[in-house]
Amino acid sequence: MAMGNLTELRASVAVLCRAFLIVFAAMALMLAYWQVVQAPMLRSSTYNPRAHERAKTANPGSLLAADGEPILQGERTNRGAVLTYADPVAYCHLTGYNSRTGLQKSLHHALYGLGRYENPVTELLGGRPQGCKITLTISARAQKLAAELMHRKSGAVVAVDPRDGAVRVMVSAPGYDPRAVLASADAYRRLAQDPDAPELNRALLGQYAPGSVLKVFTAAAALDAGLASPEEEFHCDGEVGIGGTTIRCRRQSGHGELTFAEAFADSCNVVFGRLGAELGPEGLADYAERFHLLAHPELPLPGKDGKMAAMDGADAEAQAAEAGFGQGATLVSPAQIARMAATIANRGEVPKLRLVQSITRGDGAPLYRMRSETLGRAVSASTAETVTEMMVQTVDTGTGRRARLGGLQVAGKTGSAQNPAGPAHAWFVGFAPADAPEAVVAVVIEHAGSGGEEAAPLARRVLEVLLEGR
Amino acid sequence: MLLCVAALITALGMALVCIAMHYELVRATRGIALMAVLLGCSLLMDLAGSGRDRSLLPIVAMISGIGIVLLWRLDPLHASKQIVWMMIGSGLMLATYVAIVDVRDLRGLKYVSGVTAALLLLATMIWGYEVNGAKLWLNLGFVRVQPGEVAKILMAVFLAAYTAQRGEIMGQVGRDRLGLRLVELRYLGPIAVVVVFCLAIFVTQRDLGAAVLFFGLAVAMMYLGTGRRAYALVGLAAFAGGALLATEMFPHVHRRMLGWLDPWSDPTNAGMQALQGMFALAEGGLLGTGLGQGMPLKIPEVTTDLIFGAVGEELGLIGTCGLLILYAMAVYTGFSIAWRSRDRFGMLLAAGLTTMFGLQALVIVGGVIRAVPLTGITLPFVSYGGTSVVVNYIAVGLLLAVSRDCAGPGRRAPDGHG
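Those sequence lines, one after another, are chains A and B.
Residues in the first sequence are numbered consecutively from 1, following this note's numbering.
Residues in the second sequence are numbered consecutively from 1, following this note's numbering.
One chain only, chain A, in its complex shape (with noise of 0.2 angstroms):
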């Protein structure tokens, strides 16, 4: 054999060797990846199994509504690290019943002072985890009462106050009671089957057709694209044929001559149909981005996007018309129209929803503080202050009178949406004082009827204690 095919091969394992020691480098440079820079986030991850473990020997921390009020109290017993419920039923849907639902997954790590939210000397010396104080933006007071006013029914109820995003009220009824769902398999399977789904969520996951409530946004989209103006006058028939669907008004006989104002206050759907064709399937799917209108809400909780007919092929003129006043194939949750109610009130800013207002951790040192953030703008400030306007009139001498408040001014629209399931669904949005508002109220009543006399007067009632004492 040659020396010279040897001193080739010679060369090949040299070559093989280094590629190795190349390689093993870049194995040591990936593994420093994942022990120190990705590490805080893998051990705050919820599938990481140590985390649940710790849990088990932590102070658990509490979760307190905005008013200091206790809503889930952690304490150490022997039997562990327990969390006991204020009221369970009033806030069940934002609780959860275990450490895989609701708050308690979402903010599991704070409650028991793991990953990110331990005091990093106790982590090193291996002491016992202190959980947080966590407060959300939960009025305590509002929340009960909303609760209590939905009892036996379906619905929920969102309250926000519009100028920095804070949920102040998130009710979805039926609601449950937490300590019992774990009672046993059978209690959980009673809940898990109910047909009236009282674990769902409805304020985040409820997917209603909003019906008139979202004549708001079609006005407001209307008015700030020139399209109408609040003394432009109307005509209404009772009906109009568009796009070969004939849409009816709640009025048979029509209202004869009207202007915007007076369309929008007494909920014309001739009205609001022609001006949904005007704005065609662009205009609408164009503010309906700018006011957010279907995004996921983005709260430490499950949420969902909305819906809204897709507006193409032949009928798009028709499904135009049918989303101008609000029904078709659009579906929004309590959560989005609370945000929408509240774009107008923040004068055309959409806030971002907020639900945690501050972590503490278990050894005072401040973690999380909320801060308002807008999400942009929706319309311009003077056609949020037109649509203000008109919805004050609605309050006043229109469909929304029973949401009327002794000595504060309401702006409001109700709704009364058609659906395949059953009756029409209630809704009410509106918020008050209406030259600064301060608190925006949506609720849905499912299957109630109509809006103006079921919803309007449960929100004015949660309205009056959020703004009471000012």
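Don't read these hints as lab results, they were simulated from the structure.
For each residue, glycine too, the CB sits at the ideal point set by N, CA and C.
Warning: the hint list may mix true and false statements.
[Stated by the list, open to error] In silico contact screen, one side only, chain B against chain A (beta carbon under 10 angstroms); selected entries:
{"no.": "1", "residue": "Leu275"}
{"no.": "2", "residue": "Glu283"}
{"no.": "3", "residue": "Gly312"}
{"no.": "4", "residue": "Gly316"}
{"no.": "5", "residue": "Ile325"}
{"no.": "6", "residue": "Ala338"}
{"no.": "7", "residue": "Met347"}
{"no.": "8", "residue": "Leu348"}
{"no.": "9", "residue": "Ala351"}
Based on these hints, arrange chain B on the given structure of chain A.
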């Protein structure tokens, strides 16, 4: 003398585990017994002939020691069994080293080893014993063995012998086509047949890790045999194509790929193993929790496939990098044995065995840190597994035999106890 250092560190590690886990301290003497056996083997090899490599055995002993300490902490019962396997393995290493008068004689066993490897795999396919959905074991009544592990060595011998004989022809007699010198089929034929056969068995047996090892070995040998990087590149391209095809064809391969590329999309199922391994690594951080202080038993398959995760959790980045350095040292030593060899077959055999060893470490470590998809293979000398340990020791015996028989007179390492 280096072996004594390894023995000391192992004994210390085992004592630490005993204290941390509240075991009786006397039981740690088993680890010392293993080190004594290794030292004995080293001395006996000196009697059998001089001139072998001096650093490989201490490195392997150190890795084995770390492996035993970890298994001892994870599962003392398995650790005790593993110590016995390691003793048997070192005995066979000694036997291999002594029995082979001249390693070049193995060339004659070219086809015997190739066919035996294929038959072993075929037997597993037919009479295989299934554990965790993979049919990798043969039940011999008193003991279960993994023929696939044995086939690794046989395949390395076959490929080395074949390449030593044909490699030059493969590299030089070929026609230029597509800018690449294509080798005539009759030279590639047997190699391709055996490789395809093994790969087919491994893919149908769901042992993806071993399939990767065999393929990698074949590509490395082709490269060495011809000296052309084009072969390595074509091999890697073929491998990527094959991986894509397998992902499309087999649901279990698809799951593995998903668990690698996006474990968060299915964290409790397809991505579970990958994520649990990474959680363990993250838990260890820079310094580790300390032996007995972490929760490595939360990791699935922690004594075998994912044992590297336990290293990361309890010994930290320091421990994982230390182990990687030991593997790199072993690989470097293996290749330098090849490099020093003055015989074509010896060089190819040493390089092949080292490639097998290095690839195995890289594929499983890479799997745990998500550099490559996670596959079910052992971390050499650390993971629990009798056949794997024994076969790896025999491979060390072969490497030492190569270092004894093939180093040129001028290049022989100075004598002296390692």
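Could you work out which earlier hints the structure fails to respect and list their numbers in ascending sequence? none
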